[in-house]
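Chemist: Here is how the chains run, residue by residue.
2 protein chains.
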Amino acid sequence: MVTLVLAHACRAPQHDVEVAAREAPAPQRSSRGEADPLPSWNDTTAKSSITRFVARVTQEGSPDYVSPADRIAVFDNDGTLWVEQPMYTQLAFAIDRVKQLAPEHPEWRTQQPFAAILAGDLEGVAASGQRGIVKLVAATHANITSDEFEQIVERWLATARHPTLHRPYTELVYLPMLELLAYLRANGFTTYIVSGGGVDFMRPWTERVYGVRRDQVIGSRIEMRYEARRGAPVLMRLPAASFVDDGAGKPVGIAQVIGRRPLIAVGNSDGDFEMLEWTTSGPGPRLGVLVHHTDAEREWAYDRTSRSGRLSRALHAAPGRGWVVIDMRQDWNRIFPPRASSATED
Amino acid sequence: MVTLVLAHACRAPQHDVEVAAREAPAPQRSSRGEADPLPSWNDTTAKSSITRFVARVTQEGSPDYVSPADRIAVFDNDGTLWVEQPMYTQLAFAIDRVKQLAPEHPEWRTQQPFAAILAGDLEGVAASGQRGIVKLVAATHANITSDEFEQIVERWLATARHPTLHRPYTELVYLPMLELLAYLRANGFTTYIVSGGGVDFMRPWTERVYGVRRDQVIGSRIEMRYEARRGAPVLMRLPAASFVDDGAGKPVGIAQVIGRRPLIAVGNSDGDFEMLEWTTSGPGPRLGVLVHHTDAEREWAYDRTSRSGRLSRALHAAPGRGWVVIDMRQDWNRIFPPRASSATED
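First to last, the protein sequences are chains Y and F.
Using my numbering, you'd call the opening residue of the first sequence number 1 and step up by one each time.
Using my numbering, you'd call the opening residue of the second sequence number 347 and step up by one each time.
Read the hints as simulated data drawn from the structure, not as lab findings.
A couple of the hints might just be wrong.
Said to hold, decoys possible - Looking from chain Y toward chain F, a few residues come up when the C-beta cut is under 7 Å (computed): (1) Pro251; (2) Ala301; (3) Gly322.
Claimed, not checked - Ranges of calculated distance between the beta carbons of each label pair, as one might list FRET restraints: (4) Y:Ser242 with F:Tyr411: 54 to 64 Å; (5) F:Gly628 with Y:Ala126: 36 to 46 Å; (6) Y:Arg208 with F:Gly628: 34 to 44 Å; (7) F:Pro665 with Y:Asp147: 38 to 48 Å; (8) F:Pro665 with Y:Leu122: 51 to 61 Å; (9) F:Ala528 with Y:Asp121: 23 to 33 Å.
C-beta atoms are modelled at their ideal positions from N, C-alpha and C, and glycine is treated no differently.
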């Protein structure tokens, strides 16, 4: 829970992703000569389970046909669409922001969780518990307007680099998932993000990076108050959570914003359990998908004991519930988009 | 505030609205031979202010051009898109539901607001105040699942009739507004409802009646809890408001769900003041529109002293802020769609 409102981030200049898209290998052709919409997926069960499901619900006249209005696909973000190791990107953002604001706050040198952050002591941050996180959110995400927060996120994303992969965070998205999002939209689905991370931390870049519109991003929310400042109305971000979109909160967030039960749910952690359960317990055909991080060489291998993206209960439940488990190492032939030329050296 | 969570409703069989659309008069042609997209609007300033604004922001190469992603139009519902007199439709729904459930609740004969409702004493309901409304919402909108509530709303809408106009509520929508919604969408706008009424009371019918998708409806929300019932997950509606989408709550609801400041806001009451203010104080071209109910003959004439849809502050502010005020009697040549054949006698 520590990371709920702190679960995200990152931005590359517009052309990075465009370059990535241009440099992606040409789609493979199937034996019937059709372009493969999922070229970064190996021809394993995970891929065929997804494409067979999509064919089944989109084939007119099929008994399982689903009208486009009900073709709702929901995706978790951290660990499902982009990297969540060694820490949630939104936590990295909060830490950087504390460091940036520290000169104005000499008292932070002795106050937790700030002292731990300034000392680079992540265990100390975790030890500060829920009270520490509330203080961290208040200091880094609140008491500013919604417009100011958006600018702060964008500026950070423009320069921040992942600590070990040394790339802008928005390049550390999973190419197979970009393909899956586009494939589903090409088949009449509406794709939503349903994340435990802060909705306002994601919206500045989801449209550009994932093709997911701002109003199709659901996440944790901070309280906001409409008020006048210097005669002009603003939306002030208050230091209190308004909604936590994680675990059993995800079906509630989906009901609040989408108002329909999804047809497809894709996640990677126990925080996605209820979203997959709610989706796949609906009537008619439904698809649940879990990303299992099994690739220590190209990305990370983690599940039951990970601090970010712990996956235990959902992985255990998957076979009995018919959820597709993506084995990242086996099922994906590429993980990330190619490096954008502007970011090759940094 | 009494009516916030109780502000809405109604449903006619699918074909009613289709019949209405077919029977609508053929679009008038302008002097240049183009079909008029707003034939129920007289050629007055209100109409030309709207069409000139739309031309200005959609003309490529114009200095005021706005990309489709930012063409967001928000509409209040009660009194803006459909009738709100003599009471909000959602209040009529709650009253009918109390009457239906009363045999199971003999204690209601002596408890307010139920006793007043059962006696047909609306003043008594109002006198029960906020505590009474909380009880009314709990009894009529909560302690059931989201699916059950939707079915209850749909069943009610199928048979309920307006007390004086004797038509299904979903036929008591303003034809000029149906035209405006369609006209804006044809010009690349996304149209949202932003209502003080309950979002789950609107979603069952907004797509069919207004062409507004379920995920483009924003309203007041009740708390929900994800839980298992007889082994299957459900979303239980709890007897507590989660969010009140009225007044200063409307810009917050817009920020939560849309995540963009609108380009156009349309309302009819002081509860829409902040939504219009937030919209029209944004940079660049913006349009605020108020419906003024001035037609006692064809609909109702009301503003400053009305219990439903009180309009005073916003009407006073309109000239100074450049908001377009629709004078219903002068500006609209038709109010409602033609009667559907199946509903002519009831």
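Chemist: Does each hint hold? Answer for all of them.
Modeler: Going through the hints against the structure:
no.	hint	in the structure
1	Pro251	holds, 5 Å
2	Ala301	violated, 31 Å
3	Gly322	violated, 16 Å
4	Y:Ser242 with F:Tyr411: 54 to 64 Å	violated, 35 Å
5	F:Gly628 with Y:Ala126: 36 to 46 Å	holds, 41 Å
6	Y:Arg208 with F:Gly628: 34 to 44 Å	violated, 21 Å
7	F:Pro665 with Y:Asp147: 38 to 48 Å	violated, 28 Å
8	F:Pro665 with Y:Leu122: 51 to 61 Å	holds, 58 Å
9	F:Ala528 with Y:Asp121: 23 to 33 Å	violated, 59 Å
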